[in-house]
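Sequences and hints are given; from them, build the entire structure.
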Amino acid sequence: MGQKRIDIEQVRQVAKLSRLALSEAEIAQFAVQLSAILEYVEKLNQLDTADVEPLAHCLPINNCFREDIVKQSLGTEKTLANAPQRDEQFFKVPKILEEPGGF
Amino acid sequence: MSKNILKLTCRGLRDSIAKGEVKSSDAVSAVFEQIEKHDAKIGAFLSTFKQDALKKANEVDEKIGKGKPVGALAGVPITVKDNMCTTFGTTTCASKILQNFRSPYNATVIEKLLAADAVIIGKTNLDEFAMGSSTENSGLKKTVNPWDYSRVPGGSSGGSAAAVAAQMCFAALGSDTGGSIRQPASFCGIVGLKPTYGRVSRYGLVAYGSSLDQIGPLARNTVDCALLLNVIAGHDEKDSTSVDEKTAPLCDWLEKIEQPVAELKIAVVPQLFKGADGEVVNAIKGAIEVYKKLGAEIVEINMPHFEYAIAAYYLIATAEASSNLARYDGVHYGYRTAKPADYIEVYTKSRNEALGQEVKRRIMLGTYALSSGYYDAYYLKALKVRNLIRSDFTAAFEKADCIIMPTSPTTAFKVGEKTNDPLQMYLSDVYTIAVNLAGVPAISIPCGFDKNNLPVGMQIIAPAFAEGKLLQVAGMFENETDFHTKSPVIK
Chain A
172 MGQKRIDIEQ VRQVAKLSRL ALSEAEIAQF AVQLSAILEY VEKLNQLDTA
222 DVEPLAHCLP INNCFREDIV KQSLGTEKTL ANAPQRDEQF FKVPKILEEP
272 GGF
Chain B
17 MSKNILKLTC RGLRDSIAKG EVKSSDAVSA VFEQIEKHDA KIGAFLSTFK
67 QDALKKANEV DEKIGKGKPV GALAGVPITV KDNMCTTFGT TTCASKILQN
117 FRSPYNATVI EKLLAADAVI IGKTNLDEFA MGSSTENSGL KKTVNPWDYS
167 RVPGGSSGGS AAAVAAQMCF AALGSDTGGS IRQPASFCGI VGLKPTYGRV
217 SRYGLVAYGS SLDQIGPLAR NTVDCALLLN VIAGHDEKDS TSVDEKTAPL
267 CDWLEKIEQP VAELKIAVVP QLFKGADGEV VNAIKGAIEV YKKLGAEIVE
317 INMPHFEYAI AAYYLIATAE ASSNLARYDG VHYGYRTAKP ADYIEVYTKS
367 RNEALGQEVK RRIMLGTYAL SSGYYDAYYL KALKVRNLIR SDFTAAFEKA
417 DCIIMPTSPT TAFKVGEKTN DPLQMYLSDV YTIAVNLAGV PAISIPCGFD
467 KNNLPVGMQI IAPAFAEGKL LQVAGMFENE TDFHTKSPVI K
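Going line by line, the protein sequences match chains A and B. Using the working numbering, the first residue of the first sequence is number 172, and each one after it goes up by one. Using the working numbering, the first residue of the second sequence is number 17, and each one after it goes up by one.
Keep in mind the hints are simulated off the structure, nothing from the lab. Hints are supplied without guarantee of correctness; some may be wrong.
[Claimed, not checked] Label-pair restraints from in silico Cβ distances:
no., chain 1, residue 1, chain 2, residue 2, range
1, B, Glu279, A, Ala207, 42 to 50 Å
2, A, Pro225, B, Ala354, 39 to 47 Å
3, B, Tyr391, A, Ile240, 32 to 40 Å
4, B, Leu266, A, Pro225, 27 to 35 Å
5, B, Asn436, A, Gln184, 53 to 61 Å
6, A, Glu180, B, Pro120, 39 to 47 Å
7, B, Asp437, A, Asp219, 24 to 32 Å
8, B, Asp260, A, Gln260, 34 to 42 Å
9, A, Leu188, B, Val315, 42 to 50 Å
10, A, Lys266, B, Glu369, 17 to 25 Å
11, A, Phe236, B, Glu414, 28 to 36 Å
12, B, Pro120, A, Arg237, 35 to 43 Å
[What the hints assert, rightly or not] To spell it out: a stretch of chain A is covered by chain B in this simulated footprint if at least three of its residues, at any positions, have a beta carbon under 8 Å from a beta carbon of chain B; those stretches are:
no., region
13, 179 to 190
14, 202 to 208
15, 218 to 226
16, 237 to 244
17, 254 to 264
Backbone N, C-alpha and C define an ideal beta-carbon position, used for all residues, glycine too.
See the structure below:
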C-alpha cells in the first residue's frame, strides 16, 4: 500500500479537532483505515477540474428570507427536558473558568 | 382474517378501511401479531406503540363509522425510521448518544402522516445516524433480512425495509443520503423511492449529510410509494432547502402513475454492468427486455464521471457529518460521560463513549477533509467532481427519459461479511451514491431473484422533480411482472 496517507500523529490531531477522546488502539486502527480510504479518494486527482465550479448544493436555491415575526418558541422546560444535568433554568456543566468569581 | 389483511397493499388497505370493509383496529392487531411472532428474530423495530396505535385506529374506525371525512392514509399502520423526530417515544438514531432522547417536536413528515390519519405503529432500526449500508452499524440492535436470516437487510433504512418485507407494517418512511432507501429496498425485495432533493421537508430529520439527505417511502409497490409521496411532499417554511411549489409543482402521483409514458426512451450505461454480479446483470437485462416489448427505445450512453461518485461522496458526506454531529456535546441533550475531569472531557469522553466506530470514522474523515491545508485538495476537489457528476446526468437526460441500472452490485450479503473493511462496505453503494450528489429522484423496484432466492433490485433514475415519470416507468414494469408480489416465507 506504500506510504500511509495519514500517520498516528495526524490522527491524534484530527481526533482533537473532532473532540473525540480516542483510545490508543482506535488511533492506530483509524490511521490504517483512514489511509486506505484517503488512498482510494485520491482517484479524484485523475480528473482535471481546473475550469470546474464547485457544487455545494445541487438545486438553485438562494437565500430564503422570512418576515421577522415573533412566534411561539420551545420554552425553557421543553428545551431543558433532555439535559444530562440542569440547575433550575440552566444547563449545568463543569467549571469553565479557573478563577473563582471570574468573569 | 388477519393473514388476509397482511396481504393487502397500503392502498388496498386504505380503500378497504375507507369503505368500512376492514377495520383499522383489525389491521393494527394483525401487524402487532406479526411483530410479536417474528420481530424477536428479525429485529426491525427499535420501539413500538401498540396501545396508542390501537387507540388511534379506533378513532379512525369511529370516524368512518359516522361517515366523517378522513385523511389519505386513514387507519393504515405505518413505521418510520428512528432518525425522524417524534414527540411520542424516543428518537435514537440507533445511537447510544441519543438512546433516551425524547424530541420536543415532530418532524414535518410525522405531522403530515398524522394529518393523513396514518397510524404510526413503531420506529425502525438503522445504521447509527444513517451511516452504513447494512444496518450492522446500529448501536442498539441487529436487524436481519427476512428472506435469509444470515444476511443483512441492507442499510441504512434496514429496519424500515425489513418491516415492510416481513409484513409487519404496510409502508414505511426511510431516509436516503447515498442509497439508504433504495439499497435496503433492493435487498428486501420491496420498492423504495428517493424523491428529488428538496421535494420532502427535512425538518425534524436528524441531519447526516444535509446537502444529500432526503426522506422517502418504502412499500410493496410503486402505487403505494405514490400514495405516500402524495402525503409527505411539499414546501415547508421550516426547511429552507425544501423547494417552493412554483419551481416544483405538486401533483396527484396516484393519478399520474396510471398513465404509461409514450415514446419512452431508456438510457443504459454498459460500462456500469462490469462491476455487478452476473445474476444481477442478467435480471436487469431481463427487465430491459420487458421495456423493449412495451415499445421503449433503449439508448446506450456513457457516464464518464460516475465511477468517481464514491470518492466524492465520502468526502462531501463526511465533511457535512463532521459539522452536523458536532452538536452531540454532552451538554444540551443526549449521553454525558460519568465523571468528566473538566469541561473539555464532557465533549471528548461523552462523544467517544457513546458514538460507534463508523460514526467516529466518518467524523474523523470529514474533519480531516475540512481541516486547514487539506480543504482544497479533498473537500473542494470533491465539490468540483460533484459538478462533473451532475453534468453526466444532465447529458443523459437530454438523450432519454430515465436511466436504468442495478440498485446494488450484489444481492443481500452475509452478516459480518464487510464489517471489518469499511472501504469494501462503501464500494457496495456504487450505483446509488451518484444520484444523491446530483440531487435527482430514483426508485428501486424488484426485478428478479438470484439462485439463493434473494431479491434483485432495479434502479430507475429520472430528472429532478420528474417523480411522476419515474413512478410511471416503474409502474409499467410492475404491470408486466410479479416480482413485487413475492414475499419471504417467515419462519
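- Task: Please write out, lowest number first, the hints stated earlier that are contradicted by the structure.
- Result: 5, 12, 16
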